[in-house]
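Protein chains in written order, with my numbering: chain A, 1 to 81; chain B, 1 to 175.
A hint or two may mislead.
Output of the computed footprint for chain A on chain B, the stretches with three or more beta carbons under 8 Å from beta carbons of chain A [what the hints assert, rightly or not]: (1) 67-73; (2) 77-89; (3) 114-127; (4) 156-166.
Bear in mind the hints are in silico, worked out from the structure with no lab data behind them. Nothing here was measured: the structure is a model prediction, and the numbers come from that model. Quick reminder that beta carbons are idealized off the backbone N, C-alpha and C, glycines included.
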Amino acid sequence: MNSPRIRLALLAGLGVAAALLCGCATNAAVRVRPWQRAALADDTMNPDRDPVGSKMVEHVYFSREAASGGRGVGGSGCGCN
Amino acid sequence: MVSARQAIASPLRWAAAAAAAALATVLPAQVAPGGALPPLAAAGLAGDVPDTSGKVVLVDFWASWCAPCKASFPVYARLNAAYAARGLVIIAVSVDESPSAYAAFVARQKPPFATLRDPKQKLVAQVQVPTMPTSYLVDRAGRVRFVHPGFRGDETERELRGEIEALLGERAPAP
Numbered sequence: 001m002n003s004p005r006i007r008l009a010l011l012a013g014l015g016v017a018a019a020l021l022c023g024c025a026t027n028a029a030v031r032v033r034p035w036q037r038a039a040l041a042d043d044t045m046n047p048d049r050d051p052v053g054s055k056m057v058e059h060v061y062f063s064r065e066a067a068s069g070g071r072g073v074g075g076s077g078c079g080c081n
Numbered sequence: 001m002v003s004a005r006q007a008i009a010s011p012l013r014w015a016a017a018a019a020a021a022a023l024a025t026v027l028p029a030q031v032a033p034g035g036a037l038p039p040l041a042a043a044g045l046a047g048d049v050p051d052t053s054g055k056v057v058l059v060d061f062w063a064s065w066c067a068p069c070k071a072s073f074p075v076y077a078r079l080n081a082a083y084a085a086r087g088l089v090i091i092a093v094s095v096d097e098s099p100s101a102y103a104a105f106v107a108r109q110k111p112p113f114a115t116l117r118d119p120k121q122k123l124v125a126q127v128q129v130p131t132m133p134t135s136y137l138v139d140r141a142g143r144v145r146f147v148h149p150g151f152r153g154d155e156t157e158r159e160l161r162g163e164i165e166a167l168l169g170e171r172a173p174a175p
């Protein structure tokens, strides 16, 4: 147990195990897979599905903040192709 | 006496091998040309799996919520009409978890080829499709020869026709 090699090996093993267990080793392991995107592809996930409502919200935002835009962030959809 | 460099290098090699092994269990490898798809008959699919022995098989993974999948069905219907008599079998595997969404899509499209459903998404997880839709062209010996991630209309149809012609021209393996 006193050998530096064994101590280093244990330390490295513990580091790898901790990284894997906390999900930090790779984001590929936790990302939504292509076949799991049914809910994301639903129309209710589209923030612009009501163009009149979006215009209204934008108008209120502009009136209060004297600024507009910056809303074109994508975040839904099936991510197909 | 072990040098400091040796003392560090050995645990690092061990740690790298352990990390690679752990990742391999978390992330199954994608099916690529030269590989083989898992046996469809044992994949727990809903529906009747057609006989594919000695045939060229086009296995397509699709979903009712995927727009390119919808566009691909008329193309597969044309391919089926052109090549089924020469030995092409098209199997469209839906990854829909909702049976009603699957049934509605099939009722609208009325595909002339086999459609099955992967209700627990077990097969698609084994295959690790890179995107929706993805089609796998399998030769008469059961090897995956071409993979088409995504569907790009005429371009994909042109590529598929060339590949299907080539595979149909190959001799079936001796039983």
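Taking a Cβ-Cβ distance under 8 Å as contact, does the segment 156-166 of chain B have three or more residues in contact with chain A?
violated (count 0)
If you look at each residue in the segment 67-73 of chain B, do at least three have a Cβ nearer than 8 Å to any Cβ of chain A?
holds (count 3)
Whether chain A covers the segment 114-127 of chain B (at least 3 residues having a Cβ closer than 8 Å to its Cβ atoms)
Coverage by chain A holds for the segment 114-127 of chain B (3 residues, Cβ < 8 Å).
Given as covered by chain A, does the segment 77-89 of chain B meet the bar of three residues or more with CB within less than 8 Å?
Since three or more residues must qualify, the claim that chain A covers the segment 77-89 of chain B is violated, with 0 doing so at under 8 Å.
In this structure, the hints that do not hold are numbers 2 and 4, in rising order.
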